[in-house]
Amino acid sequence: MTKNLTHLQRLEAEAIHIFREVAATFAKPVMLYSIGKDSSVMLHLAMKAFYPAKPPFPFLHVDSTWKFKEMIAFRDSEAKRLGFDLLVHSNQEGIEQGISPFVHGSNTHTHIMKTVALRQALDKYGFDAAFGGARRDEEKSRAKERIFSFRNAQHSWDPKNQRPEMWKIYNTRVAKGESIRVFPISNWTELDIWQYIMQEEIPIVPLYFAAKRPIVERDGMLIMRDDERMQMLPGEVLQDKMVRFRTLGCYPLTGAVESSATTLPEIVGEMLVSRTSERQGRMIDKDEAGSMEKKKREGYF
Amino acid sequence: MSKPAQIELSAAEAAAEEINAYMAEQEKKSLLRFLTCGSVDDGKSTLIGRLLYDTKLIFEDQLAALTNDSRKHGTNGEDIDFALLVDGLEAEREQGITIDVAYRFFSTPKRKFIVADTPGHEQYTRNMATGASTADLAIVLVDARQGVLQQTRRHSFIASLLGIRNIVLAVNKIDLVDYSEEIFDRIVEEYQAFAGKLGFNSIQSIPLSARYGDNVIGASDKLPWYKGPSLLEHLETVPLDRTAEERPFRFPVQFVNRPNLDFRGFAGTIASGSVAPGDEVVVAKSGKTSRVKRIVTWDGDLDRAGEGEAVTIVLEDEVEVSRGNMLVAPGARPEVADQFAAHLVWFAEHALIPGRSYILRTETDQVTATITDLKHRIDINSFAEVAAKSLDLNEVGVCNISTQEPIAFDSYKSNRSTGSFILIDRLTNATVGAGMIDFALRRASNVHWQALDVDKASRAALKDQKPAVLWFTGLSGSGKSTVANLVEKRLSSLGKHTYILDGDNVRHGLNRDLGFTEEDRVENIRRVGEVAKLMVDAGLIVLVSFISPFRSERRMARELLGDGEFMEIFVDTPFEECARRDPKGLYAKALRGEIKNFTGVDSPYEAPENPELHLKTVGRTTEELASEVENLLAERGIIFNYDQSSWSI
Numbered sequence: 001m002t003k004n005l006t007h008l009q010r011l012e013a014e015a016i017h018i019f020r021e022v023a024a025t026f027a028k029p030v031m032l033y034s035i036g037k038d039s040s041v042m043l044h045l046a047m048k049a050f051y052p053a054k055p056p057f058p059f060l061h062v063d064s065t066w067k068f069k070e071m072i073a074f075r076d077s078e079a080k081r082l083g084f085d086l087l088v089h090s091n092q093e094g095i096e097q098g099i100s101p102f103v104h105g106s107n108t109h110t111h112i113m114k115t116v117a118l119r120q121a122l123d124k125y126g127f128d129a130a131f132g133g134a135r136r137d138e139e140k141s142r143a144k145e146r147i148f149s150f151r152n153a154q155h156s157w158d159p160k161n162q163r164p165e166m167w168k169i170y171n172t173r174v175a176k177g178e179s180i181r182v183f184p185i186s187n188w189t190e191l192d193i194w195q196y197i198m199q200e201e202i203p204i205v206p207l208y209f210a211a212k213r214p215i216v217e218r219d220g221m222l223i224m225r226d227d228e229r230m231q232m233l234p235g236e237v238l239q240d241k242m243v244r245f246r247t248l249g250c251y252p253l254t255g256a257v258e259s260s261a262t263t264l265p266e267i268v269g270e271m272l273v274s275r276t277s278e279r280q281g282r283m284i285d286k287d288e289a290g291s292m293e294k295k296k297r298e299g300y301f
Numbered sequence: 001m002s003k004p005a006q007i008e009l010s011a012a013e014a015a016a017e018e019i020n021a022y023m024a025e026q027e028k029k030s031l032l033r034f035l036t037c038g039s040v041d042d043g044k045s046t047l048i049g050r051l052l053y054d055t056k057l058i059f060e061d062q063l064a065a066l067t068n069d070s071r072k073h074g075t076n077g078e079d080i081d082f083a084l085l086v087d088g089l090e091a092e093r094e095q096g097i098t099i100d101v102a103y104r105f106f107s108t109p110k111r112k113f114i115v116a117d118t119p120g121h122e123q124y125t126r127n128m129a130t131g132a133s134t135a136d137l138a139i140v141l142v143d144a145r146q147g148v149l150q151q152t153r154r155h156s157f158i159a160s161l162l163g164i165r166n167i168v169l170a171v172n173k174i175d176l177v178d179y180s181e182e183i184f185d186r187i188v189e190e191y192q193a194f195a196g197k198l199g200f201n202s203i204q205s206i207p208l209s210a211r212y213g214d215n216v217i218g219a220s221d222k223l224p225w226y227k228g229p230s231l232l233e234h235l236e237t238v239p240l241d242r243t244a245e246e247r248p249f250r251f252p253v254q255f256v257n258r259p260n261l262d263f264r265g266f267a268g269t270i271a272s273g274s275v276a277p278g279d280e281v282v283v284a285k286s287g288k289t290s291r292v293k294r295i296v297t298w299d300g301d302l303d304r305a306g307e308g309e310a311v312t313i314v315l316e317d318e319v320e321v322s323r324g325n326m327l328v329a330p331g332a333r334p335e336v337a338d339q340f341a342a343h344l345v346w347f348a349e350h351a352l353i354p355g356r357s358y359i360l361r362t363e364t365d366q367v368t369a370t371i372t373d374l375k376h377r378i379d380i381n382s383f384a385e386v387a388a389k390s391l392d393l394n395e396v397g398v399c400n401i402s403t404q405e406p407i408a409f410d411s412y413k414s415n416r417s418t419g420s421f422i423l424i425d426r427l428t429n430a431t432v433g434a435g436m437i438d439f440a441l442r443r444a445s446n447v448h449w450q451a452l453d454v455d456k457a458s459r460a461a462l463k464d465q466k467p468a469v470l471w472f473t474g475l476s477g478s479g480k481s482t483v484a485n486l487v488e489k490r491l492s493s494l495g496k497h498t499y500i501l502d503g504d505n506v507r508h509g510l511n512r513d514l515g516f517t518e519e520d521r522v523e524n525i526r527r528v529g530e531v532a533k534l535m536v537d538a539g540l541i542v543l544v545s546f547i548s549p550f551r552s553e554r555r556m557a558r559e560l561l562g563d564g565e566f567m568e569i570f571v572d573t574p575f576e577e578c579a580r581r582d583p584k585g586l587y588a589k590a591l592r593g594e595i596k597n598f599t600g601v602d603s604p605y606e607a608p609e610n611p612e613l614h615l616k617t618v619g620r621t622t623e624e625l626a627s628e629v630e631n632l633l634a635e636r637g638i639i640f641n642y643d644q645s646s647w648s649i
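So the sequences go chain by chain: A and B. In terms of full-length UniProt numbering, the first sequence opens at residue 1 and continues consecutively. In terms of full-length UniProt numbering, the second sequence opens at residue 1 and continues consecutively.
Derived from the structure by calculation, the hints contain no laboratory data. Each hint should be verified, as a subset may be incorrect.
[Stated by the list, open to error] Per the computed footprint, the stretches of chain A lying under chain B, defined by three or more beta-carbons under 8 Å from a beta-carbon of chain B, are: (1) 39-49; (2) 58-64; (3) 165-175; (4) 180-191.
[Unchecked claim] On the chain B side, residues computed to face chain A include the following (Cβ under 7 Å): (5) Glu27; (6) Gln254; (7) Asn257; (8) Pro259; (9) Ala267; (10) Thr269; (11) Ala310; (12) Arg361; (13) Ala434; (14) Phe598.
Note that the structure is predicted; figures quoted are calculated from it, not measured. Glycine included, C-beta positions come from ideal geometry on N, C-alpha and C.
Next comes chain B alone, as it looks inside the complex (with noise of 0.2 Å):
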């Protein structure tokens, strides 16, 4: 009776044995991503289900499914299609889910393998560009028969512009065209001679077929002039771009740790380099020094910690830093500016606007930025550079951009994690674009505000008043400036110094080379926001009174101001009332289509939705509505309201 239980024991006892061997190999495995690209005809399909198929994914069940519906729907006769393995998902795709990236895995003893699987069509360039965010390798398809195509030229482009530095170019269906060395050499060379440009440190051409396998595994007898290694050879030994740790250290913090009074820690992923307890390490905002004095983590203290690891990292003092700021090499520090010129995908419906704000995001910074100047857009067919005023969805272009603090970041050529930002609509919260950074254009460090010693309080206290600006929007014809000329004549026979900022009157001088695109009221609401902030500046109440159709401009105005110094007034009259009004005959000619981008009309008006004061005009006075300028006012503190006063004694 114990003889057979013993037995089974040990047999037990080494398949645990065999398992433990197995999962200890498993642990050593390093990861690389990669992505796959080139147009649908050049066999992408047909390259993945057989890398799977081959590293021995695909089961015997499977298998037996696979051959039946290769027989049926297949475009190989009696063979395999591998392509069949893939379209389960192409299927779904149908269903809506097509446009996007899908992340594939597998292993093979040497290494384990995340695949970006992106679609090809020139459509969908965010999503190829999100996956070649996060990939150390390309793989760019080319059809032998096809040769270089457009669509090879773009998707090399991407993965340049994303800093992927390591290119296969798989010369797939090299069995239409009799093996031939010839043709192969003839498309590398072509390759070759446009990816020159691209900055690849390397680029492994492989002929390979997908339907049959050659050298997609192992080496073909076919391809005895070939002697270079197979697809996945290549892939288990490409080194890994692991530079990463010898570049200076960048470590941007997500958080400050504070679980009490005795403990403050900086938690984060090293972007760079390494450290160690000991070692003199800088805050890049602030410039302030210290040591590293602990290297935190839940399996205890590190003696050193590098690129890639999520850490919390004890200083030696007390030093101010937050989420956002980096603790950096000494030696090597990043740049610190809010101005920079950068590459900019663009990924939103609509444009990319230079002059409107958008809110910038690096890995843990936030700050709200503005395109100041788009330089050109680049043609990423032909990679020519072309003078543009927008980016449309897909478009790349090159920009300065202007941030309302400064950042602290490096170029992207040199950090991938550091240089990289993504650009959110204000509005909507969407992901419009992604950016990645060339250089700073000034250094915010060299440029020192003109410290003066008469500032905005002195200047204000001289007059005796609290500077504001009072934004009216709405309508052309609405009333604005009727009422803003009104509160304007109250305010001075309070002895209060003000200025009116009209729509009209600022078109004629400061604004005449603006027309009436988007681009242009854009930029028509950033001058006027700057001079009001002037203004303020100098003391004086400024009313503005502008159409101002826009939410994200007047939320932009209202930024540049600081607390409580702006109010936003929405005159708010009808379109069929402003019509009938139509004081200077405007709304007679744009209905008539003789003038274009009339707001209201064939431009949209955006209502405020929590104006400081909403002003329904139709049935009221001028003196009414103005009354209630000044009611806000006083609550304000801008100006003294004495029937008020004398109620609350």
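For reference, chain A alone in the conformation it holds in the complex (with noise of 0.2 Å):
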């Protein structure tokens, strides 16, 4: 008897033998854990990867301080409800330094409070594998990267240098202090994600769903107010409005878009549709997607 493995079959059973090679040659590896809906799917691979024993490494949330309070809730309760080791990591000195992304802008936040926090958390375990989510649809460069991709000891990639990957031989071989970066959904599409998220029924963080926020509107995005530190610039107002975020990051850098998709089948909807005129390269038909369009003009939703 023989079974044919759907595509995400494939794409599944890849990643997973991805992080069991991690877990099997390197002497200390990480999870990158960013809370988002890629780090849900990764998630639940490694818990699959390892079952019925628990993922063997710890998981990294680098906590700029400034994240949606939703995503530290939904962080802390899936660290309860799948026991893994939970890591969280702030840089002390931005903290000390006051950096906030209204104050400092957004580059010089992402720098100090996302960049150089994560620099620090892996200097300070000493970890030589991490694994991220990142995806080789979402960028040009991105698909040129490999699955093992090697830094050395200041933390970089160089592209020119990437050591060739044949079939499923991974080299997982570093001197001290140089690292492997190593992402197991690279051949995943957005599509794929969401599909597994349905498929798998994978908690995600509740605000990727459309529900009443309080909304401002600050230089065209419209920004959730999450916390007391966000000042209301005179003539801004304060409004309910039902909206959804497609990612998630630090709220006051993170717009929101108008929704009322409550459901994984409208999220998705909305996504086929939106893609068509937004996002380059998107893998989906577009017959489908153009019919969906044209309903929603006619007001379906």
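Relying on the hints, combine the two individually framed chains into one complex.
Now the structure itself:
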């Protein structure tokens, strides 16, 4: 008897294989856990890979201290539900300096509270492999990055000098101080992610679903006022709007979209429509999408 | 009030249903991985752009931008230039990510595709090999006006080498030869004439025009004489090689999952065949048998698992299995050997050198390996076998490989997963080569070491000593032999049985066939290492006095010996001082250019990083240096140092 695996089953098996290779060959791996939907999928795959054992590595959340409260609550409830080892790191110097995206701008904030914080955490614990949830369909340079992507002791990537990656044989060898970033879902597309979330009933942060939320319109973005640190500017009004988030990060830097999608099929429906005009190279059938768009214009949602 | 709300709800429900149906369709799709190759002018970018466009992956606003761009930059007049779609990448390539394979994703209602878009130039062979190693099919593009070129032959050869069995010969730009059947037939005939040797299962030749879309997704009325499928039809329907599931069961073990005392499972991905609870399996390396008790997954135990599935297998019995071993079908076992023949593709700037040791890695196993014999290089343009002493970047060769421990494998032809390996440089950890195993040279199980009653320990006991190798390394004239001679004298006076292997003396006899090229230096050290090992086996304390300039060979010698038996002694005399002493007048000659490949002059010396003893010779007497060596020997329990013992009590 032969079974023909579907493409999603093959992607899942590939990811599990990669998780296991890392656990078997590195001294101190870690998974970077950003709480978003890709992280939810990664977490689910990690649980599957080591079952009945728990994943033999900790999950690291680099907390900029400006994440949505619901994200933090979701993170803590997932850690409790699945019993994984959660590490949270924040850049203490940044906190002492009072770094704020409102005051210092998004670039400075992101650099100090995310990039520097991540390096601090990697150095502090001496991790030699770090899982990330990046995908090759996201961006052009990612399309060329290896699944096992070598980093030197300064954590930097040399795209011109990547190790050839043949078959499923991964070169996991590093010298002291060097490390490897590992991307188990490299070959997944965004649609695969949503499909898998639906199929496997993977919990995701409720912010992905539409709900009435306190919204301020600023610089053309719909910003949710998640706490008192966001000062209202002259002329701004706070109003409850039916919105959801497509990606999650620091709340002052993450724009919401107006939406009525409160279920996974509705979210996917919206994604299929919006992709047609907003993003490049999406892997969807335009006829399907076009017809969805037509229906939407006719007032379906 | 309630009425419109209800309508809205049912509309939402209808939409949800539609999405669910759409998602259900997506779930049924199979996955085809393919790569595109062909020289730059054969229209590869245009074909990829056309495929994305015709499968509706380019949307209206992008199309508008593309139409604009085409008028401005395109080469097709008023028509859309699809190559510009890929140009975003080309620009990025110029910024330095050039040489690498990019992965693209698209899908149709029937299949999902992962395309490895590989660069065409000869210098990027290794990147093409990377893309080809995971592909099921290759599209080889040919320009109808040019016909079969060197590039076509080269790419077809690499595709064949990497085990791709399905080829699409895409004869592009057929519009530029007036859709001529005759030209198409001639190219197909020419291609098949040489591709016949390459062992492909299927070659589908398709005349097409990527620019105008003829035969890309649908049939073309301009090519009425062509009765075959369009490119996309072929990609959607070509039978996937899923025969892997019908081949013998192979399960390379990634790790042993042991969360508690009650559970011991072997985690891995099934490389071929299938397995069910109750099936008998054999542990490849030990030949021990057991039965499958459970196939464990997060989603529940399975009653059968096949090729491609990542599972955890629990056996009925407590048999010894660890990472690198394989569970296999009892009736069709893999080879277990420490010597085999293989095809090798070389990836590194630094040439492959027979005799040097590398780390060999299979899907889950890792051993030290040496290329014992490079039989020939294959000229990838003419497929001719050429004699070679080493392999350079992007070259392909056939060689014999010897591993320190036996590994379990199949031939690459019968199994891509269990017949492949990579080679890793021991010092830089770079991936320097990829190999495809042809056959075992001899079965390790048939060649048992002669188990002798008199062994190393008994020989050493008879001499009342602990055998060891003192490996003196350093520049010519640094004082290695002088120190080694004095140490030997003192050991001898303590009643120890010793022998000195000296570079110059060995080169007069055992190694007189070797010169001073890098390859020969590697072989020189390999032989001396082996001789030293035999002498240690005989119970001797061996003093090796060799320049031995390369770290990897010194490491190889170290690994030939048991723990604590090898001591590296770095006789550190600065170059200027050695050149000043110049006991044999060699530096003077080398500096005048009369001797080639002289260490320190025009051949490198790689100083030891962690020697057991670092002897800085400047300003010290030979007696002092020899005493330092004696202290080391005392610490290691090789000799009993009376001075120290009197202090320690």
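Right, here's what the structure says about each hint:
no.	hint	verdict
1	39-49	holds (count 3)
2	58-64	violated (count 0)
3	165-175	holds (count 9)
4	180-191	holds (count 4)
5	Glu27	holds, 6 Å
6	Gln254	holds, 4 Å
7	Asn257	holds, 5 Å
8	Pro259	holds, 4 Å
9	Ala267	holds, 5 Å
10	Thr269	holds, 5 Å
11	Ala310	holds, 4 Å
12	Arg361	holds, 6 Å
13	Ala434	holds, 5 Å
14	Phe598	violated, 31 Å
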